[in-house]
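A.B. asks: Protein chains in written order, with the numbering used here: chain A, 1 to 1045; chain B, 1 to 118; chain C, 1 to 238; chain D, 1 to 301.
Rather than coming from a laboratory, the hints here were simulated on the basis of the structure. There may be inaccurate statements among the hints.
With a cut-off of at most 20 Å between alpha-carbon atoms, the simulated SDA-like pairs for lysine to any residue come out as follows [stated by the list, open to error]: (1) D:K288 with A:V835; (2) A:K955 with D:K288; (3) A:K784 with A:H864; (4) A:K866 with A:T779; (5) A:K153 with B:E66; (6) A:K153 with B:T38; (7) D:K53 with A:H864; (8) A:K861 with D:K288; (9) A:K153 with B:A54; (10) D:K53 with A:L481; (11) D:K60 with A:N960; (12) A:K957 with D:I61; (13) D:K288 with A:S827.
Here is what each chain is made of, one letter per residue.
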Amino acid sequence: MVSAIFIIAAGLGAGFLIGLLREDQKGAAFTVALAALGFMAWVSVSWFVALASGTAAPQDIITAGTQPPFAINLRMGLAEAGLLSVITLTGLLSLVYMAPALRALGRRALAVLVILVMALSGLVLTRDIFNLFVFFELVVIATGGLVLLSDDKRAVAAGFKYLVVSQIVGILLLIGIIFVYHANGSLNIDDIAAQPMGFTGAGLALFLLLIALVVELKPFPANGWALDIYEAAHPGVSALVSAASATAALYAADKLFAAAGPDWLPLATVLGLVSFLGANLLGLAQRNDRRLLGYSSIGQIGLVLVVVGQRDILGDAYLYVAGGILFTHAVAKAGLYWISGLVPGRDLADWAVLRTNPVLLFAFAGFIAMLLGLPPFAGFYAKWDLAHALAGADRLPVLGLVLLGALIEAGYLFRWFGFALKRPNPVAFPGFSTTGFAVVLAALAGGWGLGFVWGAGSVHGNLLLAAPLLFALAFLVLEPLPAWAKNLLAIAGLLGWVGFRAPGYDPLHLVFALVMLAGGAVILLASFAVKGERFGFYPSAMVMYAGLALLIDAQTSFQFFAAWELLTIGSYFLILRGKESEPHALSYILFSLGGAFAILAGFALASGGLQPFALDNLAAIAEAGLPLAPWVFLLLAIGFLTKTASVGFHIWLPGAHAEAETDVSPMVSGILLKAGLFGLWLLLMHMGRQSLFGVDLTYLLVWIGALSAFIGAVLAIFQEDAKRLLAYSSISQMGYALFGLALMNHLGWLLALMFVINHYVYKSMLFLAIGGVKERTHTKLMYKMGGLITIMPFTFVSVLVGIIAMSGVPPLSGFGGRWVFYNAIMSSEMRLPVVLIFMSGPIAFLYLFRLIHTIFLGQLKDEHRKLKEASGWLLAPQMIFVAFLIGFAILPGMVLQRVDAYIGGHFGSTALAWSGRSITSEFGYWNPVAIMIVIGVIFVIVLALLVAMNRNAQKVKQFNIVFSAERPFKPQTTHFAWNFFAPYRKALGFLEAPHVTRFWGGITDSLHASADFTRRIYTGNGQTYAAQVIVFVVAVYLVVLGGVS
Amino acid sequence: MHLVAMAAGFALILMGLFAALTHRNILRMIVGFTLANTGVHVVLVSVGYMPGRAAPILDDAVPVAEAAARIIDPVPQALVLTAIVIGLGITALMLAYAYRLFRARGSLDIADYTELKW
Amino acid sequence: MNTRFSIRHAAVLGLLALLGLAFWTLLAGYTPDAELNRTAAYYAENTARETGAQNIVTAIIVTYRGLDTLGEVTVLFLTAAIVALVLGQSKAPRGGTGSGFLPSGELLTTGTRMLLPIILLFGAYVALNGHLTPGGGFQGGAILASGMLLMLLADPARRFGHRLIARVESVSGLAYVAIGVLGVALAGGFLDNRILPLGEFGAILSAGAIPLIYALVGLKVGAEFSSMLESLEETEDS
Amino acid sequence: MSFEWVQIAYAALTVFIVINYGLIMTAVVQKIGARVGGRYGIPVWQNYIDLVKNIALRSKISHGVMFYLGPVFRLTGGIGLLLFVPTIYGSVMHQNFAFAGDLILALYFVFFGTLGMALGAGESGHPHAAIGVSRGLAQVTAAELPLALAVFAISLQYQTLSITEIVAAQQGGLFNWTLFTNPIATLAAMFALVGTMMRAPFDVVVAPQEIPIGPPTEYHSAYLALMQTNRVLFPVAKTVIYMNLFFGGASNWGEFAVKVFAIYMVSVLVGVVHPRFRVEQSIRFFLKWGLPVGILAILVV
């Protein structure tokens, strides 16, 4: 194993050697630099591998043949090795990436780069505070030099501001160092006695030392200079600063915080939180990509500083957590900066150019996911453990703030991704460097690699080894295949998985598995209608299905949450595919992530930090009647309610479902919503009733359900957009299901189960049908259609069956749901919420009739006369659904009987009596077959009568109607469709007022406003920045002083 | 005595910072920082100083045997040398930047270089 | 100015007053050691034996804290390089520079001729005796550079070979690093000066590698300062 | 309850009786109205004449399949509703097909005819039809609400959803009727009755003056005949439910005739003394008066 000292020696040697070369030997100089950095990287990585695999022991390197503290010593441990690997590799890649700029500037620039990397390594290795200072100054000077690489004229000014601030930091450092030395009689970090946090002499000296190091981390709000560097410097340099320098500086701070002892950790926590929240908040108002990345870097480093502040509770997990976040951030941020070097424009929307290069787009998505700690990347495991440690140590405020900050960050990052995917873009990449491209890919690979390593190190098992996820990721490789081939594979995969897993499931799991996965396969039939390659569809869709598959399989809270995140991401990318869906996809992902964080907090709270936490243990918590039980319940419930789009969290749904592609709408509506129900069902199954401040939370849920059912229906009848109408009706239907679940009785759950199945069937069917119509008429506005029955008879039939089923009119399956519903409410105490449900029933009838009438009946428009029936691939699943609906209507027992028995087992209540064909509850009875036959017979008889009486009725033309004794001349004027329920609006229009939208809108607006206001502290004046740094230091000093005394 | 030196050092630092924070002329700012650095160096050496002892050089005056009792703390002196050189380096760099800025815009007013903000 | 004074200056004053408060706490809490602390004591007792240097400070700088010094040298190297970068980008057309200067006075020119050798000699002396007497490579180097400065003043149009300076600079740097590495190979660790015999205590050729290193440092520092002066000199409006 | 073939014959009989009863009753009601108004009025057999005339009509047109099926749905709905509910309590003959489902079935099957009718009218392409449907649906959502609540109330009261059992529970004396045991629920239900009988003040759906008879605008000949049949059958079928739920049911055809007539007259009486409501007015009316009573009904049970 090569001693780490050679990393430094090599760096210095190379630097001087390059100086020796002639100005014109640029090639040679470049080679030397490359060799040196390569060597340094090789040493670091080999150490990391050796230490991680335990084949080598940590090494202390002494210099001058004298033991510390009398001579400077270095240390190479696991953490150091990891950090060095990141730093040196970043340096190496940056060298390649910046090669043209560096060559242009001459060999000296190369020397500067190499020495910068050497200095950063020294920062990590050294155990001597003054030596630390020396390396710091080296970093400062080198950075100051590299800033010149930028062709941006403003960079020089930025560099100067940076030097000004570094002067102040240097002063503080030196004062701190010398007094610490005076107090301890040693400059060695390991000798820094843990001073009680008194502010006499040493304590204060230590404070100056720490605060100086913290300022080096560019903490909000004393960081204007850093932002200017990030914005103006060459992207390669920014990458280096953000990935390597910040990482090294953070470790330096970490070393001293570790030495300073636990009393100082709160300082790190608080400063970190301020930085994390502040920077992310201000990021909201940014339009310049590099500056935005700067804000995000500052935020992330702040987050790691928070982790540093938690080292007392993290224990052995400390390196795992801190490393997970820090490394992922380094890789992702470097990658993003490198991409920004390829993107010509500086406005966020200019990233739309990435669309011309799918690989870069994929990289972009990957890096964002890494930054946000989404699975399967390393940050995910780290965030999970962090949350659990915080919850375990009752540091809930910290947990809450961290999650809040993460949510804000998600806000601007995903908005940005939306821009990239949806904003107008040039047809091709102007000027595009292949080396840069390669470097980006390297970073991407690194990110995935980290994800794999962290997964391997996780107690929960490696997500990247989960079969469904692998299957989904495989589609990334298969992208070049034609859509039909991928579709075939996808369907096979889904069915295969269900077939493979189904035997192990209990009836309830089985129902969900069939609806979500087998059901997904059925919907995928419609995807055959799409020609071409359909880039990006299958990976997203399959990630969503993988998430669903894992969700059903989940045994522990971790597996559940990981699956939850996966299906959220997948569905987000799916929804984002829609033409107009940019804002809706954003609000979807934000609500979903918010919900996910609530779930995370809930699980963390429940587990009390002990992992792995089996889902069944929720029951134990409930039985133990711990005071935190209701809170766990509340958090988890909130998380799931965001997914079911219950009223209050519903505003994302209409846009998201309505703007999605034809075959995506049924997936996200018919299938995805069920994930929320699944979660709620698990929750209620395990935790049962919980009451908070005397309020029975299930009672609350009943109200929310009823309210959703009602509001959803009312809003649906006022829509002019067919798909929005269906979307709102989904809110209503989910409300029914939630209502049923929350009734907490046997029939209530059966009701919910029936809604899970029915809603999947008829909503998927209707979305496909309406989607088919839209693809023919190119509009979603119902009043622009009309009279399509003759042109699209099959579509009409499926819509007809769909609405009969949904409205609960006998004989179709919807009625069964209503019947169970009545029996359920009769055996429950709830009275008032029922009123809302009663009301929403007939209202559903209104919007459903509007749907079928204004599209298929009434007057056919001239421009639609030549249309054709929807594509056969769209009709195929619809016909399957029609068949199923009728079958399910006649023989509901086939599906429900086992489930019924299972639920009965859970409640210890008597199941329904499934005698022969009739179903009997303790209150009433119901015989589907008889109903079907009776109605059928009567219908046939009456029809026969009619035919007998006027078989010779003649078919007349469209306008042959009695119209005030006149013949209408235009379908537009004759088709009564727009604002169809005007009287209703007159009577109940006030229910339409968008209070919820205003509420959330108000929150986001105020966030943006405060961000835009606050960021004006960065006046751009170097002097002001310097003053801000001092203010920051003094302020913290006074606060801590106050805290101590 | 030593306190005087140290106090003077601190005073220098504050004065330097005051200059650097109030003068908008870049050169004056640099001078201010140099002043502050000098102050830091004074503080550094004053920490090592011990009344009534000799410089840490082992010659006939200070035989090796009794060195420990006779000399002052050598470490700060070693440190201060490094600090001085580094301070010099940064100052030189700042001057170069100042020159470059002046070339670019013909102004040395720090307030004129605020295109980057927010 | 006056209008701004009342506001900004008052604010800054208040701010620095608070900072001063912190400094004051340090000052008040400070009591000089009666005895050398353990580190210092160690040096006092072992320097002679371990490094054979009379000047303990030098021993510390070159050996015990050699890594610092190496970094320090690197700082100068970097600065020189970057200054060259910064100024190099606004370089004057070849030969054109300095031509605008009046030839400096007779006195200065003659004085330079007389003083320069002495200055250089003195510089070398200071550098080489660092381990015995106050002084050392940095001081020596600075003196050497001052000689260069004097020459430039005497004849602004004068140029030294860039290559030469660069060579000296880099070679001495490389040698320094090499010695450090040798320390790992032959002695107790990086930059251990005992790769050469410690020699007789107090002699000029003693204290192992220290004089060598200091000589290199002197050369390097001198070269670096000179190159900085050069760069400044060569900017078009000097 | 299980099925024997003979029940079909019985059911047919029920339908036959009810249709004729309806034809005459509605005519009688008309006549009474006329007499009150000082006019001579139609002969009581007028409905038969109209029926025959419509069937005999020669000009017959169709606007399409749904248009054709509309009346069929309508009448199926009427007959079905009648047959899913036991007509005469205690009589084996007239239990009809009540074994197929309980109260809930009846409650939801009401919509079957409405839906089919609306679809048929929709395909006629006549704006007045669409307007009529829109009005009708809008109004029914509010009007049916009190009934739903009242039904919930009494099914809680009797702890069953089976109509037969509910009727059984009301036997043995006038004061066992729900009317007296649960007046609030009954009152709520009556709101719904008045609101859904297509009579003033809630007949804006067919508002002859503005939108010539609304949904059926385009219908004629045999279509109209079917719908006419339904128009006499359906109210009776509905009234039967009310009778069974709130007025102790009927144990023989005489009682049946009287009770149905009496209940039906309620809506007639209300109708003749009130002007027509606009839709939003009737919605507000039901929400303001019907709904609270209904809520009260389910709260006090």
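A.B. asks: Is it true that the CA of K153 of chain A sits at most 20 Å from the CA of A54 of chain B?
C.D. replies: 54 Å, violated
A.B. asks: Are K53 of chain D and L481 of chain A close enough, with their CA atoms no more than 20 Å apart?
C.D. replies: At roughly 68 Å apart (the allowed maximum being 20 Å), L481 of chain A and K53 of chain D break the hint.
A.B. asks: Are the Cα atoms of K288 of chain D and S827 of chain A separated by 20 Å or less?
C.D. replies: 29 Å, violated
A.B. asks: Quickly compare the C-alpha distance for K861 of chain A and K288 of chain D to 20 Å and report which way the hint goes.
C.D. replies: Cα-Cα ~41 Å, so violated.
A.B. asks: Within a Cα-Cα threshold of 20 Å, do K957 of chain A and I61 of chain D meet the stated pairing?
C.D. replies: 10 Å, holds
A.B. asks: Please work out if K153 of chain A and T38 of chain B have their alpha carbons no farther apart than 20 Å.
C.D. replies: 33 Å, violated
A.B. asks: If you draw a straight line from the CA of K60 of chain D to the CA of N960 of chain A, is it 20 Å or shorter?
C.D. replies: The hint holds at about 13 Å.
A.B. asks: Given the proposed pairing of K866 of chain A with T779 of chain A, does the C-alpha separation stay at or below 20 Å?
C.D. replies: 16 Å, holds
A.B. asks: K955 of chain A and K288 of chain D were given as a pair; does the straight-line alpha-carbon distance stay at or below 20 Å?
C.D. replies: 46 Å, violated
A.B. asks: Checking one constraint from the list: CA of K53 of chain D to CA of H864 of chain A, max 20 Å. Satisfied?
C.D. replies: 39 Å, violated
A.B. asks: For K288 of chain D and V835 of chain A, compute the direct alpha-carbon distance and say whether it is at most 20 Å.
C.D. replies: 14 Å, holds
A.B. asks: For a C-alpha distance cap of 20 Å, please report whether K153 of chain A and E66 of chain B respect it.
C.D. replies: Outside the cut-off at roughly 61 Å; violated.
The structure is inconsistent with the numbered hints 2, 5, 6, 7, 8, 9, 10, 13, although it conforms to all the rest.
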